[in-house]
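Undergrad: Next come the chains, spelled out residue by residue.
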Amino acid sequence: MSDPDAPPRPARGRRLLVAVLAAAVVLPLAATVLAHAFSTPEIPFLERPEGRCLEGTPFVLENAAWMRFHHWEFLRWLREEAVRYGRRGVLTLNKCRECHPSRAAFCDRCHDSTSLTPDCFGCHYYP
Amino acid sequence: MERREFLKAAAGTAAAAACGVYALRVLTAKGMEGLGGEEPPAGRRWGMLVDLAKCREGCTVCLDACRSENNVAFFGDPRIDIHWIRKVAVRKQVGGRTEEKEVLLLCNHCDEPPCAQVCPVQATYKRHDGIVIVDQHRCIGCRYCMIACPYSARYFNFRDHEDWPNREHARRSHGVAESCNLCAHRLDRGRKPACVEACEALGPAALAVGDLNDPGDPVAKAVATRSVKRLKEDLGTRPKVYYEGL
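Chains as they are written, first to last, in our numbering: chain D, 1 to 127; chain A, 1 to 246.
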């Protein structure tokens, strides 16, 4: 039962136009988001030593991809644990250095390409 | 496909993708407690005992050990040199004559640290085990703590310095305050501070570090039974560096 006082529904052609415009906005966005969500990031230029990370310690770092995007959060957490609460374990920047001895090959390539300048290395030794 | 069904499927896919990113297995731990390090025993309260009767005149072994352990800057310019531990000559009138004595000065790790009270960013704070420590990651270089410290135990990095004797340990960059942290990184791993170790290796063992809350600890026993003094006790800062023979 349609209300006689209600405004008339837009014409079919106009609805189609709106739908096409909305699709033009939403689809590229969705495609980008989905592409990022399902792609495995390829960063081939980082130095990768043989073996698994932190082998021989009480824990083993399994996922390099996670580390690539979250290492700074992880390191910051380790830093707070060590500096604020005195919980110092085997994991330190020095431990990273044992397998990844070159800062230029391990840290700087990504930081340079993303134009980041973390100030870790003013005080922490990493050649 | 109905629109409702399509939306449901799309939302499900997006949620799965979002979860997938964070649900990756990152660490395989045989014991997760080893990840960030051991939980230090609760209720510890570190204190230091300096036996000035054993301390040798003109000896700088502890000072040098501190410098090389903690990468403390030395520029050769007394205006900006940094000393975590230093020796000063104290003069006092005994009867008619003046006695001069060398006294080791370092951060007193007060129980009521004025430096921590004034720090606007909580970079300086008292740890659970009583060590007063500067978190150089947070320090903004305002130097309030230097003004607040009644023992002048705080120093500021007016410049970067090149020396880096202990590369396993961090140095400080330009623009942060620093002071003795009782070698917290060593105490946390069950080792003695560098100055204590150096003095024991030399022989006199004038320095000792111990848990003041543990009645069986030699330092706590000495503090409880022997005649010890603290610096500027009238200020109410309650230092944890005790001097014997001051």
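The set of hints was computed from the structure by calculation and includes no laboratory data.
Quick caveat, the model's predicted, so the values are computed rather than measured.
Hints are not guaranteed to be accurate.
As the list claims (entries may be wrong) - Part of the chain D face toward chain A, derived, beta carbon under 8 Å: (1) Arg12; (2) Arg14; (3) Asn94; (4) Lys95; (5) Cys99; (6) Gly122.
Beta carbons are placed, not taken as given, at the ideal position from N, Cα and C, and that holds for glycine.
Undergrad: Each hint should be assessed against the structure and marked as holding or not.
TA: Do the hints match the structure? See the list:
1. Arg12: violated (17 Å)
2. Arg14: violated (19 Å)
3. Asn94: holds (6 Å)
4. Lys95: At 11 Å from the nearest chain A Cβ, Lys95/D fails the 8 Å test, so the hint is violated.
5. Cys99: Because about 16 Å separates Cys99/D from the closest Cβ in chain A, which is outside the 8 Å limit, the hint is violated.
6. Gly122: holds (4 Å)
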